[in-house]
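A.B. asks: Using the sequences provided together with the hints, build the complete structure.
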Amino acid sequence: MMADIVYFSVDVEASGPVPGLYNLVSIGAVPVGRDEASWKPEDERFYVELKPIGGGFDPEAMAVHGIPRERLESRGAPADQAMRGLSEFVERRLRRGAGRAVFVGHNVAFDWSYISYYYVLHGLPNPFGYKALDIKSLAMGRLRIGWFETSKERLEILLPSVPRQDLARAHSADYDALYQAHILCALLNLP
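Here the sequence shown is numbered in my numbering, starting from -10 and rising by one per residue.
Treat the hints as calculated values from the structure; they're not laboratory data.
Predicted model, so just to flag it, every value in this text is computed and none were measured.
C-beta atoms are modelled at their ideal positions from N, C-alpha and C, and glycine is treated no differently.
Wrong hints could be hidden among the right ones.
Using C-beta positions, here's what the derived DEER-type ranges look like [said to hold, decoys possible]:
{"#": "1", "residue 1": "A159", "residue 2": "D32", "range": "15 to 25 Å"}
{"#": "2", "residue 1": "Y106", "residue 2": "D155", "range": "37 to 47 Å"}
{"#": "3", "residue 1": "R58", "residue 2": "R133", "range": "24 to 34 Å"}
Cut-off 35 Å, straight-line C-alpha distance, at most; resulting in silico cross-link-like pairs (DSBU-like, lysine-lysine) [stated by the list, open to error]:
{"#": "4", "residue 1": "K40", "residue 2": "K125"}
{"#": "5", "residue 1": "K141", "residue 2": "K120"}
{"#": "6", "residue 1": "K29", "residue 2": "K141"}
{"#": "7", "residue 1": "K120", "residue 2": "K40"}
{"#": "8", "residue 1": "K40", "residue 2": "K29"}
C.D. replies: Below you can see the structure in the form of structure tokens.
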């Protein structure tokens, strides 16, 4: 039954293209639940910036999100603490209304790889298990469009209920997680 699902729109920013060689920089998460009428982003939010665990920093990747390495080194949360925080956030939401957690991302392969890697690296259980949903793939099926038509900018046009993206806030994990949640809801709420 779909009502038993709590989707978690998750976005990450990283210091490079792959975990293991590069660092998870920040995590944003927004739960998406269903009331009697429709799917909606919920009010709770999760955001954390992480202390680097390795030396991999690609200047181009760092320029995308704009979070200085020095800030991460001085104020970032230890990675194991950040992952525990994400797990606690998910578990608190599930306790409140039951259900099972499903990880959702826009091009989920990137975000999922970092989250899964960090859970395994720190010997922590992943609260999502292996349940991941890609918004781009969902859009292909629901809208009958091709892969290259699934950018956030294009989906904003195709889905009128999605608010306009604030490009000044894009590539901030907390903002992107919320924006992706709006896209997910628009797709799930289609007739």
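A.B. asks: Given a hint of 24 to 34 Å, does the C-beta separation of R58 and R133 actually sit inside it?
C.D. replies: At roughly 43 Å between Cβ atoms, R133 and R58 fall outside 24 to 34 Å, so the hint is violated.
A.B. asks: Decide if the proposed pair is consistent with the structure: K40 and K29, CA atoms, cutoff 35 Å inclusive.
C.D. replies: Holds: K40 and K29 sit about 32 Å apart, inside 35 Å.
A.B. asks: Has the hinted range 37 to 47 Å been met by the Cβ atoms of Y106 and D155?
C.D. replies: The hint (37 to 47 Å, Cβ to Cβ) is violated, given that Y106 and D155 are roughly 29 Å apart.
A.B. asks: Given the proposed pairing of K29 with K141, does the C-alpha separation stay at or below 35 Å?
C.D. replies: With a Cα-Cα distance of about 18 Å, the restraint between K29 and K141 holds, given a limit of 35 Å.
A.B. asks: Regarding the pair K141 and K120, is the alpha-carbon distance no greater than 35 Å?
C.D. replies: Distance of about 22 Å is within 35 Å: holds.
A.B. asks: At the C-beta level, are A159 and D32 separated by a distance inside 15 to 25 Å?
C.D. replies: For D32 against A159, whose Cβ atoms are near 22 Å apart, the range 15 to 25 Å holds.
A.B. asks: Take the C-alpha atoms of K40 and K125, compute the straight-line distance between them, and say whether it is at most 35 Å.
C.D. replies: Satisfied, since the Cα-Cα distance of roughly 30 Å is no more than 35 Å.
A.B. asks: Given the proposed pairing of K120 with K40, does the C-alpha separation stay at or below 35 Å?
C.D. replies: holds, 27 Å
Consistency with the previously given hints fails for numbers 2, 3, ordered from lowest to highest.
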